[in-house]
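Trainee: Take the sequences, apply the hints, and build the full model.
Protein chains: 2
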Amino acid sequence: MKAAVFVEPGKIEVQERPQPTIQQPTDAIIRVIRACVCGSDLWWYRGLKQREVNSTVGHEAIGIVEQVGAAVQNVQPGDFVIVPFTHGCGHCAACRAGFEGNCVNEEPGLNPGYQAQYLRFTNAHWALVKIPGQPEDYDEEQLNSLLTLSDVMATGYHAAMSAQVQAGDTVAIVGDGAVGLCAVIAAKLQGAQRIITLSHHTKRAQLAQKFGATDIVSMRDEAAIQAVLKLTDQAGVDAVLECVGTEQAVSMAVKIARAGAVIGRVGLPQNSQMNTNDLFWGNIGLRGGIASVTKYDRQRLLAAVLKREINPGQVFTHKFTLDQIQAAYEAMDQRQAIKSLVIVNQ
Amino acid sequence: MKAAVFVEPGKIEVQERPQPTIQQPTDAIIRVIRACVCGSDLWWYRGLKQREVNSTVGHEAIGIVEQVGAAVQNVQPGDFVIVPFTHGCGHCAACRAGFEGNCVNEEPGLNPGYQAQYLRFTNAHWALVKIPGQPEDYDEEQLNSLLTLSDVMATGYHAAMSAQVQAGDTVAIVGDGAVGLCAVIAAKLQGAQRIITLSHHTKRAQLAQKFGATDIVSMRDEAAIQAVLKLTDQAGVDAVLECVGTEQAVSMAVKIARAGAVIGRVGLPQNSQMNTNDLFWGNIGLRGGIASVTKYDRQRLLAAVLKREINPGQVFTHKFTLDQIQAAYEAMDQRQAIKSLVIVNQ
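Protein sequences appear in the order of chains H and D.
Per full-length UniProt numbering, the first sequence runs over residues 1 to 346.
Per full-length UniProt numbering, the second sequence runs over residues 1 to 346.
Since the hints were made in silico from the structure, they are not lab data.
Any given hint might turn out to be false.
As the list claims (entries may be wrong) - Pairs of lysine-lysine residues, derived as DSSO-like cross-links and limited to a Cα-Cα distance of at most 27 Å, are as follows:
{"no.": "1", "chain 1": "D", "residue 1": "Lys230", "chain 2": "D", "residue 2": "Lys210"}
{"no.": "2", "chain 1": "D", "residue 1": "Lys255", "chain 2": "H", "residue 2": "Lys49"}
{"no.": "3", "chain 1": "H", "residue 1": "Lys210", "chain 2": "H", "residue 2": "Lys307"}
{"no.": "4", "chain 1": "D", "residue 1": "Lys49", "chain 2": "H", "residue 2": "Lys255"}
Mentor: Below, the structure is given as structure tokens:
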């Protein structure tokens, strides 16, 4: 089969690899229909994070179940599924608490390799999310929205859940990447009354507005902080969705939060050495981490996509085939694409 | 009048001072009945924090309203009141959000000086909490419990509120000082099923058990972490109440929390430079700050003391008169007293 492979920083190649096989009774083999490139992939693409040479890549997909292990009852071959980047077992303490992104029964060192024709999915007995019908029952927009439920939309939603966004809230979104844009959708879904997106990219700001942002703050740094405070009569916002991951982004989040607000942080943290005293003196909370993809999809997000209540698939501004994987990464790396879609099988 | 005054690190003196007067329509003058010494007072007593020489001290009291400003309607002269260390105005964004400890209308640079015969209380029109009846209607134990509602019990409760403790939870308390012991009471009040107190002082551990702790972990550092994990089948606890304030205490809290748990931090933070990546990778939240004393007293704590559902006054292990203020501080400093009570007027 064809699989995207990391050759060196800046270089991804499609290579021929053996088709994966069932190794545990809880495994499933998935034939990938659509995959995509994540902002977090850029860390190793840019050489800022180590990655094993010749490893397969990608962790977001929708596809068809090809084969299941003996313990997998919830899906069967032929089912159309969301393939989460998380692999909750469904029964450990973390999964039971609703935080499957911290499942203690995940296979250590697992390299998912979703940018490929086939993938092996672990803990399929719980974590796979069945989509009604077959791919041909959906149009382009809905297929793309279903694909976002494997990571980016669930991650934006985790920001809103972590920040405990409630109906009527004023919410600020730090980060205008695909996760930040999905966080706008999530804030709106939670009933936020006012959604302030910090963005200095016209196209991203426009999409944020389409998704529900009521205000765009296009300044940077201190000027952005002052602008948000001005919009809230100096009170600060009820919740901040931090979708970048840098220390600077978290620090900005603290400065625009009102007393008692919670920052929902889903940007993968880089060097987050910070003085947390400001959090204390502002009674500001910091929560977040890896999203609970399966839980969120089942609870709410899949239904919202099926009803077309949300259309997160619009974050895919550029479309590629698996053979064009290098270009898919380049478009993200150069910020031409908000998010690159990768068509694998039709 | 007599007032306790900070002379130099290690030295507190009772001096004659002018009786305070109404300066704002929202002020009240309180005749202090009982006051006490707070763990946070030890920071400047020990010279670890700067404090103005000759400043009056103390921020916890119960007393009788002596005089009120024109705007104060909720209490009148003669009323018996809890005198919170916080001074919420009741109507700013922070107060409306329920975080009066961050009231933006607090008088800047206010030095409360509650360890004195009289004190001036600002924002009395909202923040003072009326106690039914008069001091002589209560016995020693209940008077002491009422006194804890000016700070320490409300602060322990804020730890539980910040950590979002729910019925059935397994909760760990880091810190066996008066705040940590009150946090045990708060966790129990919230319906926690299992309350693990980290304490290596027999008397404090005994009081924790009296207050509702189900398990005592007496080891230190890594051994304590392993003991808590063992008690929870390696899962970690549902909530951690951090009642110390050091970086080490917060770091320990992170290591004993299960995925998705929230650390409720009420220990005044010292040098809290920390790497927050561990929070992210564990989906662990960090919340907390200054307690909402008036709100908590009115919502729940005053009624609980009046019904004798809780008896936080037992944290006062040593009793002094105002004239003995130096000894009251020494007893806390040398960890002889869990908390020093100061009888001012009968």
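Trainee: Indicate, hint by hint, whether the structure satisfies it.
Mentor: Each hint, compared with the structure:
1. Lys230(D) <-> Lys210(D): holds, 23 Å
2. Lys255(D) <-> Lys49(H): It holds: about 25 Å lies between the C-alpha atoms, which stays within 27 Å.
3. Lys210(H) <-> Lys307(H): This hinted pair holds, its Cα atoms lying about 17 Å apart.
4. Lys49(D) <-> Lys255(H): holds, 25 Å
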